[in-house]
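Protein chains in written order, with the working numbering: chain A, 1 to 349; chain B, 1 to 364.
Heads up, some of the hints might be wrong.
Taking beta-carbon pairs under 7 Å as the criterion, some of the chain B residues facing chain A (in silico) [said to hold, decoys possible]:
no., residue
1, Arg-79
2, Ala-83
3, Arg-174
4, Ser-279
5, Ile-283
6, Met-361
Here chain A is said to cover these stretches of chain B; the calculated rule only asks that three of the stretch's residues, wherever they fall, bring their Cβ under 8 Å from a Cβ of chain A [said to hold, decoys possible]:
no., stretch
7, 118 to 124
8, 302 to 312
9, 345 to 359
Keep in mind the hints are simulated off the structure, nothing from the lab. As the structure is a computational prediction, the values presented were derived from the model and not from experiment. Even glycine gets a Cβ: it sits at the ideal position worked out from N, Cα and C.
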Amino acid sequence: MPRKIVHLDMDCFYAAIEVRDHPELAGKPVAVGGARDRRGVLTTCNYEAREFGVRSAMPTFQALQKCPHLIVMPTRFDVYRRESTKIRDILMKFSPVIEPLSLDEAFLDLSDHPGETSATVTVIRQLIWQKTRLTASAGIAPNKMLAKIASDWKKPNGQFEIRPEDISEFMVELPVRRLWGIGPKSAQRLAELGVNTCGDLQRYSRVELIEQFGKFGLELFSLCRGIDERPVEPDRIRKSLSSERTFPSDLTSLAQCEAKIPELFEEVMSDLKKSGATDQVKSAFIKIRFSDFTRTTVERAGLSLTVENFQALLRQGLSRKSLNVRLLGLGVRFHEPDSEGATQLELQM
Amino acid sequence: MKFSVSKDKLLEGLSTVQNVVSTRTTLPILSNVLLQAVEGELRLTTTDLDVGVRGRVEAHVERTGATTLPARRLFSIVRELPAAEIYAEVDTKNLASIRSGSSYFKILGLPEEEFPPLARFENAKEFSIAQKDLKDALRKTSYAISTDETRYVLNGILFSFKENKLTAVATDGRRLALVDLELEFPRSQEIDVIVPTKAVLELQRLVKEEGDVKVSIGENQIAFELNDALLVSKLIEGNYPNYRQVIPAEAKERITLEREVFLNAVRRVSLLASEKSNSVKLIFSKGNMDIVAVTPDVGEGKESLPVMYKGKDFSIAFNPEFLMAPLRNLPNDEVFLDLIDEMSPGVIKIHGAFLYVLMPMRLS
Numbered sequence: 001m002p003r004k005i006v007h008l009d010m011d012c013f014y015a016a017i018e019v020r021d022h023p024e025l026a027g028k029p030v031a032v033g034g035a036r037d038r039r040g041v042l043t044t045c046n047y048e049a050r051e052f053g054v055r056s057a058m059p060t061f062q063a064l065q066k067c068p069h070l071i072v073m074p075t076r077f078d079v080y081r082r083e084s085t086k087i088r089d090i091l092m093k094f095s096p097v098i099e100p101l102s103l104d105e106a107f108l109d110l111s112d113h114p115g116e117t118s119a120t121v122t123v124i125r126q127l128i129w130q131k132t133r134l135t136a137s138a139g140i141a142p143n144k145m146l147a148k149i150a151s152d153w154k155k156p157n158g159q160f161e162i163r164p165e166d167i168s169e170f171m172v173e174l175p176v177r178r179l180w181g182i183g184p185k186s187a188q189r190l191a192e193l194g195v196n197t198c199g200d201l202q203r204y205s206r207v208e209l210i211e212q213f214g215k216f217g218l219e220l221f222s223l224c225r226g227i228d229e230r231p232v233e234p235d236r237i238r239k240s241l242s243s244e245r246t247f248p249s250d251l252t253s254l255a256q257c258e259a260k261i262p263e264l265f266e267e268v269m270s271d272l273k274k275s276g277a278t279d280q281v282k283s284a285f286i287k288i289r290f291s292d293f294t295r296t297t298v299e300r301a302g303l304s305l306t307v308e309n310f311q312a313l314l315r316q317g318l319s320r321k322s323l324n325v326r327l328l329g330l331g332v333r334f335h336e337p338d339s340e341g342a343t344q345l346e347l348q349m
Numbered sequence: 001m002k003f004s005v006s007k008d009k010l011l012e013g014l015s016t017v018q019n020v021v022s023t024r025t026t027l028p029i030l031s032n033v034l035l036q037a038v039e040g041e042l043r044l045t046t047t048d049l050d051v052g053v054r055g056r057v058e059a060h061v062e063r064t065g066a067t068t069l070p071a072r073r074l075f076s077i078v079r080e081l082p083a084a085e086i087y088a089e090v091d092t093k094n095l096a097s098i099r100s101g102s103s104y105f106k107i108l109g110l111p112e113e114e115f116p117p118l119a120r121f122e123n124a125k126e127f128s129i130a131q132k133d134l135k136d137a138l139r140k141t142s143y144a145i146s147t148d149e150t151r152y153v154l155n156g157i158l159f160s161f162k163e164n165k166l167t168a169v170a171t172d173g174r175r176l177a178l179v180d181l182e183l184e185f186p187r188s189q190e191i192d193v194i195v196p197t198k199a200v201l202e203l204q205r206l207v208k209e210e211g212d213v214k215v216s217i218g219e220n221q222i223a224f225e226l227n228d229a230l231l232v233s234k235l236i237e238g239n240y241p242n243y244r245q246v247i248p249a250e251a252k253e254r255i256t257l258e259r260e261v262f263l264n265a266v267r268r269v270s271l272l273a274s275e276k277s278n279s280v281k282l283i284f285s286k287g288n289m290d291i292v293a294v295t296p297d298v299g300e301g302k303e304s305l306p307v308m309y310k311g312k313d314f315s316i317a318f319n320p321e322f323l324m325a326p327l328r329n330l331p332n333d334e335v336f337l338d339l340i341d342e343m344s345p346g347v348i349k350i351h352g353a354f355l356y357v358l359m360p361m362r363l364s
């Protein structure tokens with residue numbers, strides 16, 4: 001029995017929420033992200049902004065060069081998280097097998113859900129619209145890789161299904177750069193070999209692919225044929241949880257850096273509480289990127305999670321270089337259950 | 001100064017104080033024992049600046065005075081001396097001459113003035129506790145002290161003097177041992193202090209079954225006076241975590257066990273607990289408890305104990321060391337294991353004011 005995997009992807013999630021909550025922005029190019037001065041980076045932008053060549057992860061100043069009347073809204077992660085939870089609650093009604101990839105993206109395994117999958121997905125998207133006034137796109141396929149590719153096909157506010165019998169035909173035409181793990185570099189290397197589509201790649205044997213790509217070659221052999229056996233993992237183990245900030249201008253003193261800790265701390269603690277993994281925390285860490293772009297991490301196991309302790313880690317990290325600070329991150333790492341899967345739980349003090 | 005003392009008594013006095021002396025120290029004076037000859041006795045003091053111990057031995061003092069001598073060296077010399085009586089004389093340059101039978105030793109010391117004085121106690125809060133009770137409380141809790149230096153407030157035992165009770169608590173964040181002692185004192189004396197591990201270890205060496213110990217708590221210092229000794233220690237600064245909140249209010253299941261039988265069974269089974277996961281599983285079914293340990297690719301160990309258990313089938317995993325530690329340190333024949341579910345803390349209790357909270361291990 002082929003599986004029925006859905007990849008659900010909210011359309012420009014953060015930007016859509018901002019437009020929903022500020023109706024006067026409707027129809028205008030809107031982005032969410034860091035402030036317009038020097039160092040901010042966009043997290044998301046809406047389709048109106050994309051027409052100007054604005055992309056997510058683009059530095060704000062660059063986006064403003066491309067689209068001078070772009071409206072850049074500050075991020076409101078508490079709101080995004082709240083909406084994300086609403087959406088997850090809707091998904092839970094259809095299947096317990098959900099693997100969230102981020103706030104706005106998740107895999108869902110509907111193999112055990114009765115009825116026509118594409119009809120179910122339509123209902124899910126309608127429910128999301130009713131509850132949140134936000135649109136979602138979805139891809140339906142027998143595996144995760146294809147579902148993810150499919151969700152992009154009819155974006156925004158659409159859905160696309162790749163049926164098992166369509167896979168061969170679909171793959172032949174699919175550009176290799178759409179495959180999992182193929183970035184610009186690998187794509188270029190493949191292009192030099194004359195490989196542009198998965199169909200081109202299918203002509204290579206396992207051995208040839210291993211010679212070219214090492215172990216990843218084996219995976220490529222399957223992927224380019226549309227084969228992907230990875231299960232949807234509802235409780236994919238998180239290794240860490242953290243929050244970080246790049247500052248508009250470098251921080252120049254210890255006091256300035258220390259003052260940033262409480263806010264980062266609150267964010268991480270709030271996420272940690274929601275994750276329900278408080279008893280799984282192994283260590284606390286502070287990440288610092290200096291003005292010369294070098295970075296350092298100070299990590300301590302067993303530290304109780306307090307602002308003061310993080311500030312102590314910060315002091316330790318700052319003492320390693322006498323440079324200004326560009327970015328600060330604060331986070332916790334979790335115990336990784338070993339192969340035998342036993343983890344000592346902690347008393348909640 | 002000039003005195004004579006019995007070899008056995010001096011040896012006993014030195015062994016009381018010499019544990020405190022640090023082997024590696026940047027301050028040479030801290031390797032030395034302070035000797036003070038006063039009327040009818042010889043006082044011996046050592047310190048590492050955090051913890052200090054003073055003992056005294058009966059001596060025939062011809063000329064009073066004081067000096068400091070290398071503690072370990074003095075101890076090894078005294079131990080080897082051939083006769084029962086030791087004669088010692090120290091000149092103004094701190095050169096000590098020690099005679100006993102056919103032996104004659106000269107040791108160079110350091111002046112008394114260089115020795116850091118033990119803390120003084122003014123306006124201290126004072127308590128009197130039966131040594132037997134204190135010894136018992138230390139034994140039942142000290143094994144749970146954290147050795148993780150990053151959690152320094154847990155590197156000691158909490159002594160909480162509240163509501164006519166002394167509560168001693170030790171935890172490492174995974175298990176927690178607690179003893180309550182009835183003790184009368186006025187409300188104004190109530191105080192919480194954390195006594196560091198090193199002082200706890202020294203105190204355990206000093207306490208006996210008979211007599212009382214006088215406890216004085218001053219500004220960031222604590223002193224214990226017992227028998228012929230005085231132990232002074234710095235306290236750990238900081239707030240002890242709110243340990244009350246980890247003690248489960250009530251148990252769903254109570255299993256009564258013979259302490260020794262349980263301890264021996266866990267010890268045997270734990271031979272097959274893997275180094276990696278280091279866990280034993282307690283599996284309950286009607287009237288029975290299986291203790292199981294498995295190491296993949298090696299084998300498994302299992303013991304079955306008949307127990308009064310009527311609940312539904314259920315299993316819970318613990319670190320065997322954490323399970324055995326209280327069992328080794330309790331005198332009782334019978335212990336109770338209170339459980340809620342496989343993710344909630346288990347509690348070991350006895351007939352008496354003791355409890356041990358232990359977090360289980362999660363198996364995936």
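Now the hints, each set against the structure:
1. Hint status for Arg-79/B: violated, given a least beta-carbon distance of 41 Å to chain A, over 7 Å.
2. Proximity of Ala-83/B to chain A is violated relative to the hint, the smallest CB-CB distance being about 54 Å (cut-off 7 Å).
3. A hinted interface residue such as Arg-174/B counts as satisfied when its beta carbon comes closer than 7 Å to some beta carbon of chain A; here the least separation is about 6 Å, so the hint holds.
4. The closest approach between the C-beta of Ser-279/B and any C-beta of chain A is roughly 5 Å, which is under the 7 Å cut-off, so the hint is satisfied.
5. Checking Ile-283/B against chain A by beta carbon gives a least distance of about 15 Å; that is not within 7 Å, so the hint is violated.
6. Against a cut-off of 7 Å between C-beta atoms, the interface hint on Met-361/B holds, since the closest Cβ of chain A lies about 5 Å away.
7. Chain A is given as covering the stretch 118 to 124 of chain B, and this is violated because 0 residues of the stretch bring a CB closer than 8 Å to a CB of that chain, at least three being needed.
8. A stretch counts as covered by a chain when three or more of its residues have a beta carbon under 8 Å from one of that chain; for the stretch 302 to 312 of chain B and chain A the count is 0, and the coverage is violated.
9. With a cut-off of 8 Å between beta carbons, the stretch 345 to 359 of chain B has 3 residues touching chain A; three or more are needed, and the interface restraint holds.
In terms of the numbered hints stated before, the structure departs from hints 1, 2, 5, 7, 8, listed from lowest to highest.
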